[in-house]
Amino acid sequence: MIPEIGSFALVLALLVALVQGSLPLIGAQRGIPAWIALARPASSMLFLLIAVAFGCLTASFINNDFSVVYVAQHSNSRLPLEYRISGVWGGHEGSLLLWVLMLSLWSLAVAAFSRSLPDDMVARVQGVLGLVAAGFLLFILLTSSPFERLLPGAEDGRDLNPLLQDPGLIFHPPMLYMGYVGFSVAFAFAIAALLSGRLDAAWARWSRPWTTAAWIFLTLGIGLGSIWAYYELGWGGWWFWDPVENASFLPWLVGTALIHSLAVTEKRGSFKNWTVLLAIGAFSLSLLGTFLVRSGVLSSVHAFASDPKRGIFILVFLAVVVGSSLTLFAWRAPKVSLGGAFALMSRETLLLINNVLLLSAAGAVLLGTLYPLVIDALNLGKLSVGPPYFNAVFTPLMVPLLFLMAVGPVARWKHTSLAEIARPLRWAFGIAVAAGVSIPFFYGGWSGSVALGMGLAIWIVGASVLQILARTRSGLPPRAFWGMHLAHMGVAVTVVGIVMVTQYESERDVRMAPGDTVKTGDYQIRFLGVEGISGPNYNAAKGNLELLKDGQLVMPLHPEKRKYLSSAMPMTEAFIDPGLTRDIYVSLGDPLEGGDGAWSVRVYYKPFVSWIWGGAVLMALGGLLAASDRRYRLKSTAARAGKLAAQGAAS
Amino acid sequence: MKRFLIPLGLFLVLVVFLAIGLNRDPHEVPSPLVGKPAPAFSLEKLAEPGKTFSPADMQGQVWLLNVWASWCVSCRAEHPLLVAFSRQGGLPIVGLNYKEVRGDGGIDAKKLSPADEASLTRQRAGAWLSQHGDPYTLSVLDMDGRVGIDYGVYGVPETYLIDKKGVIRFKQIGPITPDALEKKILPLARQLAAES
Amino acid sequence: MKALRRTLTTCATALLLGPLSLSAHAGEATPMADNPVVEARLIAISEELRCLVCQNESLAGSRAELAEDLRREVRKLIQDGKSDTEIKDYLVARYGDFVLYRPPVKPTTWLLWFGPFALLAGAVAGLVAYLRRRASRVQPAHLSAADKASAEALLADTPPRPKDPA
Numbered sequence: 001m002i003p004e005i006g007s008f009a010l011v012l013a014l015l016v017a018l019v020q021g022s023l024p025l026i027g028a029q030r031g032i033p034a035w036i037a038l039a040r041p042a043s044s045m046l047f048l049l050i051a052v053a054f055g056c057l058t059a060s061f062i063n064n065d066f067s068v069v070y071v072a073q074h075s076n077s078r079l080p081l082e083y084r085i086s087g088v089w090g091g092h093e094g095s096l097l098l099w100v101l102m103l104s105l106w107s108l109a110v111a112a113f114s115r116s117l118p119d120d121m122v123a124r125v126q127g128v129l130g131l132v133a134a135g136f137l138l139f140i141l142l143t144s145s146p147f148e149r150l151l152p153g154a155e156d157g158r159d160l161n162p163l164l165q166d167p168g169l170i171f172h173p174p175m176l177y178m179g180y181v182g183f184s185v186a187f188a189f190a191i192a193a194l195l196s197g198r199l200d201a202a203w204a205r206w207s208r209p210w211t212t213a214a215w216i217f218l219t220l221g222i223g224l225g226s227i228w229a230y231y232e233l234g235w236g237g238w239w240f241w242d243p244v245e246n247a248s249f250l251p252w253l254v255g256t257a258l259i260h261s262l263a264v265t266e267k268r269g270s271f272k273n274w275t276v277l278l279a280i281g282a283f284s285l286s287l288l289g290t291f292l293v294r295s296g297v298l299s300s301v302h303a304f305a306s307d308p309k310r311g312i313f314i315l316v317f318l319a320v321v322v323g324s325s326l327t328l329f330a331w332r333a334p335k336v337s338l339g340g341a342f343a344l345m346s347r348e349t350l351l352l353i354n355n356v357l358l359l360s361a362a363g364a365v366l367l368g369t370l371y372p373l374v375i376d377a378l379n380l381g382k383l384s385v386g387p388p389y390f391n392a393v394f395t396p397l398m399v400p401l402l403f404l405m406a407v408g409p410v411a412r413w414k415h416t417s418l419a420e421i422a423r424p425l426r427w428a429f430g431i432a433v434a435a436g437v438s439i440p441f442f443y444g445g446w447s448g449s450v451a452l453g454m455g456l457a458i459w460i461v462g463a464s465v466l467q468i469l470a471r472t473r474s475g476l477p478p479r480a481f482w483g484m485h486l487a488h489m490g491v492a493v494t495v496v497g498i499v500m501v502t503q504y505e506s507e508r509d510v511r512m513a514p515g516d517t518v519k520t521g522d523y524q525i526r527f528l529g530v531e532g533i534s535g536p537n538y539n540a541a542k543g544n545l546e547l548l549k550d551g552q553l554v555m556p557l558h559p560e561k562r563k564y565l566s567s568a569m570p571m572t573e574a575f576i577d578p579g580l581t582r583d584i585y586v587s588l589g590d591p592l593e594g595g596d597g598a599w600s601v602r603v604y605y606k607p608f609v610s611w612i613w614g615g616a617v618l619m620a621l622g623g624l625l626a627a628s629d630r631r632y633r634l635k636s637t638a639a640r641a642g643k644l645a646a647q648g649a650a651s
Numbered sequence: 001m002k003r004f005l006i007p008l009g010l011f012l013v014l015v016v017f018l019a020i021g022l023n024r025d026p027h028e029v030p031s032p033l034v035g036k037p038a039p040a041f042s043l044e045k046l047a048e049p050g051k052t053f054s055p056a057d058m059q060g061q062v063w064l065l066n067v068w069a070s071w072c073v074s075c076r077a078e079h080p081l082l083v084a085f086s087r088q089g090g091l092p093i094v095g096l097n098y099k100e101v102r103g104d105g106g107i108d109a110k111k112l113s114p115a116d117e118a119s120l121t122r123q124r125a126g127a128w129l130s131q132h133g134d135p136y137t138l139s140v141l142d143m144d145g146r147v148g149i150d151y152g153v154y155g156v157p158e159t160y161l162i163d164k165k166g167v168i169r170f171k172q173i174g175p176i177t178p179d180a181l182e183k184k185i186l187p188l189a190r191q192l193a194a195e196s
Numbered sequence: 001m002k003a004l005r006r007t008l009t010t011c012a013t014a015l016l017l018g019p020l021s022l023s024a025h026a027g028e029a030t031p032m033a034d035n036p037v038v039e040a041r042l043i044a045i046s047e048e049l050r051c052l053v054c055q056n057e058s059l060a061g062s063r064a065e066l067a068e069d070l071r072r073e074v075r076k077l078i079q080d081g082k083s084d085t086e087i088k089d090y091l092v093a094r095y096g097d098f099v100l101y102r103p104p105v106k107p108t109t110w111l112l113w114f115g116p117f118a119l120l121a122g123a124v125a126g127l128v129a130y131l132r133r134r135a136s137r138v139q140p141a142h143l144s145a146a147d148k149a150s151a152e153a154l155l156a157d158t159p160p161r162p163k164d165p166a
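Residue numbers (the numbering used here), protein chains in the order written: chain L, 1 to 651; chain E, 1 to 196; chain B, 1 to 166.
Heads up, a few of these hints could be off.
[As the list claims (entries may be wrong)] Short derived list, chain E residues pointing at chain L, Cβ under 10 Å:
(1) L18
(2) P32
(3) L188
[What the hints assert, rightly or not] Only pairs whose alpha carbons sit at most 16 Å apart, straight line, appear in this in silico EDC-like list of lysine to aspartate or glutamate:
(4) K110(E) to E39(B)
(5) K76(B) to D150(E)
(6) K110(E) to E152(B)
For the record, the hints were derived by calculation from the structure and aren't laboratory data. Glycine included, each C-beta is placed from N, C-alpha and C at the ideal position.
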């Protein structure tokens, strides 16, 4: 009964989405207040119905209803409760339902937090969101319904993939989808602006906090995915340039460019067409990512099982949504005014260079991800494009960006000079060069990449600190100022983590009998033995090791080798001692011959690896500060709303 | 203002490529050996211990080299087709028994001596052929898979069509389907047979 | 009392750990690989190679059987004294360019390798051209006399505030 209610709720949701996607848009175009007013209640209804459907699926999982195909494929009666719940989005159909739930949540948020916006603008934004939701709901109902029945029902489920039975599944997909889907709001604002012909600084001010919010979620979502891969996969890698990872990184790169472009449009009324194009681009990349992950077109460890019918649907949807947006853009863009003048040497120019660099980097990632497909489609053979390519091409493009990251905030709007920029940055430059050049020697010898990476990171932090000191002398700066510097410093922190772990990590693959020790970094690890244990749905060999420093016990280590009852492949659960300056990472290999109870053990020393994700958290916090700046939280009076509308119409 | 149409144009090109990509298999690895001489090897025959076979022995004939193993499930799908084909007396088929013992996930080959591994291989391969039919002129044993690597084998079954001069002219990845046999292998084989 | 407890604890610890340190087996763990130098090179090379039977993994990390076979081959080639290029050529001869994670630079991959930098160069050039063109098209806003007067009045009214570049 419950799955059928869920299915029915989805059908109703589709109808509501179609209403939300049509009447408010027509109403805004023709000036029909009753249809415009439908936008807010429609979005509430949409959220409610999808939440009901999602609740029904979750209930089916919790109740172990194995007469539902999706539950039988991804769950098991012995699966712990938290994974029965998060398993809802462990497969293609359920994750799509999560997608569309997030979309309706964002739509509801727009309805709730947009009282100060003109009604017709809100109606258009909701209308676009409604259309996107309708497309996804149609996709779910036609090709990927999670409520398909299995009759007679299975006795027990096939169990959730052991790799997914992890806290990572609880947090990473929801956070990631909030980000992916959040860019649909920026997209909707862009389309609304094109449709209404009202593309101005006020529009930028409205859409900026929404874009930043989506960016925050995407940053955290990608960070969580990276941490999860790091501790789950057993060898401490944190980024593989896998097509699915790239699919999430591309909207992030373009989204970052968009945030910076919006700053210019908001402040100076410039780059309006470009900003709109970026907003369309960021969401298009989200949709492209959805296509790549679910169509079977690319080979990836993360890909869902593919079905050509699904691939065709998403491709058509992608073509329609993006194609019509770009057509609308081509039609309306020529009529948009240019905005304020600025000199060649100015913050505007620096932000344009920021965009050029970020988009070149995004272009490189997109090119590398799609190249094998293009070459195959042209019958020129089969190629692989992997980490060696991406690292070789992406890193050089980042270097100038990191350098300019410190310069941008110092440059004045409209007009600045080299002398004006250089004066406050002299000290930061000197310190960065001195530190960058000397740090490698603390770790054993010259290293160009460490010198460059650390130099750039210290340059960014130094410049930010100097700026903060200078600014705070004359009062408390607004939140946006703090947000910007915190986010930039977050990037620097991530760079430190990446550079240090890449250059100085060490791995030892050793044979350990009880009593044997191995050195790693300043520590020693002693192997005591392995014992058998059992968990709720697995049996495991649990290693007992000790982490020692100067002979003193620091902490016990317990890596495991698990055999889930439902799967033939053994799962390695690494044990990590996390630290501010290093992670010690231990994983069990296999029992060895020799009769002495020896096992092969892998020990990794990973300096500063946690800084990679610490930096991401700082970036997200910076974004939060920026998005909650006073100017976005000003309570509106009718007069203010009227004034804004008048300003908008004038420019 | 034609430049505002550039994004749309680029996007449409992308869509075309993605559409073509939907019909391709990203996991299929085409062989670079097509058009090159079949790599030489000298392996023991299944039926005659101590006697070896090498591709040079087949010079002057058009023949098939079929990679198989008893643990391979897909091989069972193509085997009846091979048996029927061999009865028609079309092309000689040489079987390359690939990692019979080491490839079976259930056996720990490290515990076996080479002699034990050889006899277990013969036993399992022979039994399987008795049970399912033997389409092969002869079978050779590639116990450690090294010859397979030389031939670019990455999965089982795979089949190579080799011409009179010993050059690989076609590789079938995966089981031979009736379609592949009719449309690709046989026409090419006839063409090769007509060559001097 | 405290000193007694501490002594007892130390004795207990020594008793427990003592046997471990006195045990004939206890010592420095030996590397799994016979030759760590060869092994390090193996890892470096196989990180650039693709596991052909996996979804998208390098030859270094994969636990698939073919991956183990190919690692064994590469190890043998290293021990035979072959260079990195020779080893990669060996595998490409058998499996094609697909096995390389670093695509070779040849006409079909020029777009891949040089594209991003060409894109950057083109974008920078385009940017400069656009900025020059824009500077000549956009007129800086002119302040009318009335506007200037009301601006001055407002500035005289409000207390001084630092210029806000953020």
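Results for each hint:
| no. | hint | result |
| --- | --- | --- |
| 1 | L18 | holds (6 Å) |
| 2 | P32 | holds (9 Å) |
| 3 | L188 | violated (19 Å) |
| 4 | K110(E) to E39(B) | violated (21 Å) |
| 5 | K76(B) to D150(E) | holds (14 Å) |
| 6 | K110(E) to E152(B) | violated (91 Å) |
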